[in-house]
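A.B. asks: The chain contents come next:
Protein chains: 2
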Amino acid sequence: MTRTSLQDFNCSLARTVDLIGDKWSLLILRDAFYGYSQFSDFRNRLGITPTVLTARLQALTNAGILQRDQVREGIDRHHYRLTAKGRDLLPTIISLVQWGDKWIFEEEGPPIVLRNRQTGNALARMEVCDSAGKVLAPRNVTFEAGPGATAETRAAVRSARASDTGDTAK
Amino acid sequence: MTRTSLQDFNCSLARTVDLIGDKWSLLILRDAFYGYSQFSDFRNRLGITPTVLTARLQALTNAGILQRDQVREGIDRHHYRLTAKGRDLLPTIISLVQWGDKWIFEEEGPPIVLRNRQTGNALARMEVCDSAGKVLAPRNVTFEAGPGATAETRAAVRSARASDTGDTAK
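Sequence lines, in order, name chains D and Z. For the first sequence, this note's numbering begins at 1 and goes up steadily by one. For the second sequence, this note's numbering begins at 1 and goes up steadily by one.
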């Protein structure tokens, strides 16, 4: 089976990753969450070529994750700001930061500490919980075909579940 | 400023993204969480070339995210399984899935539904909270230099905070 595009995948992760699953897009999003919005900001912070940056900003704007606005009428300078769709990537960005804090910067401590702006409280560690608030490890998570599953997905789920023992290998 | 590697960034997100911030690595991790472990599993599900798959599995193994074990002694077949470091990427993977469920598969519904294996409860929506349990939107999150900050990071934080009004642009 050969696929030319992740657009063909009946999978929320694949489709999301198709939009933001590259190093520069994720770093642009990081900086947008920090409040940076101008081409020159991203360019200076990331050190990428204008061509690559233009392409990434365009793709994120086309995806509805960033919104491009003129800084002032009559001036050819623009802000790129997170839309509601983009702001909803905060859990993804924070979970990537926290993983790096723990597994890469464990010895020296985190380069950046994030806090509640109003109270100064530190952020809690992100965890996967069920609707009753129970924290789940990978082995405690199971899956089933949902309403948006294609026939192919349903068959894959049946076959995966048949060999899914929930053992500690996960 | 030109950088050749994200390894030079004093940033947890950049360093994490350097390890897993590409489409195929994230899809391999997705499948590892589903319980798939063999080269042929990943190959069949992702439809990528053996060369690319080999390189990605090698990189994830070198990073300590996957562990490569022989299926049985004397047989040249291997399992690739998540280590503790790899399992700790669950919040990242789930937050990517949930974003896609909401923003890409909103109409047809999610292709896959995740549940607590023991109780059948659905997963809760991942949110960023502070240590007191308050859910935070991007505009409610602020940042400061941490113990692992370099002088360059400290300067960037000072300059960013000077223009950081916490307005709704974020």
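Derived from the structure by calculation, the hints contain no laboratory data. Don't take each hint at face value.
To be verified - Derived lysine-lysine pairs resembling DSS-like cross-links, with alpha carbons at most 25 Å apart:
no., chain 1, residue 1, chain 2, residue 2
1, Z, 134, D, 102
2, D, 134, Z, 85
3, D, 85, Z, 134
4, D, 134, Z, 134
5, Z, 23, Z, 134
6, D, 85, Z, 23
7, Z, 102, D, 102
8, D, 23, Z, 134
To be verified - Simulated coverage check for chain Z against chain D, where a stretch passes if three residues somewhere in it have a Cβ under 8 Å from a Cβ of chain D:
no., region
9, 26-33
10, 50-57
11, 84-95
Predicted model, so just to flag it, every value in this text is computed and none were measured. The beta-carbon is built from N, C-alpha and C at its ideal position, and this holds for glycine as well.
A.B. asks: Hint by hint, which ones does the structure fall short of?
C.D. replies: 5, 7, 8, 10
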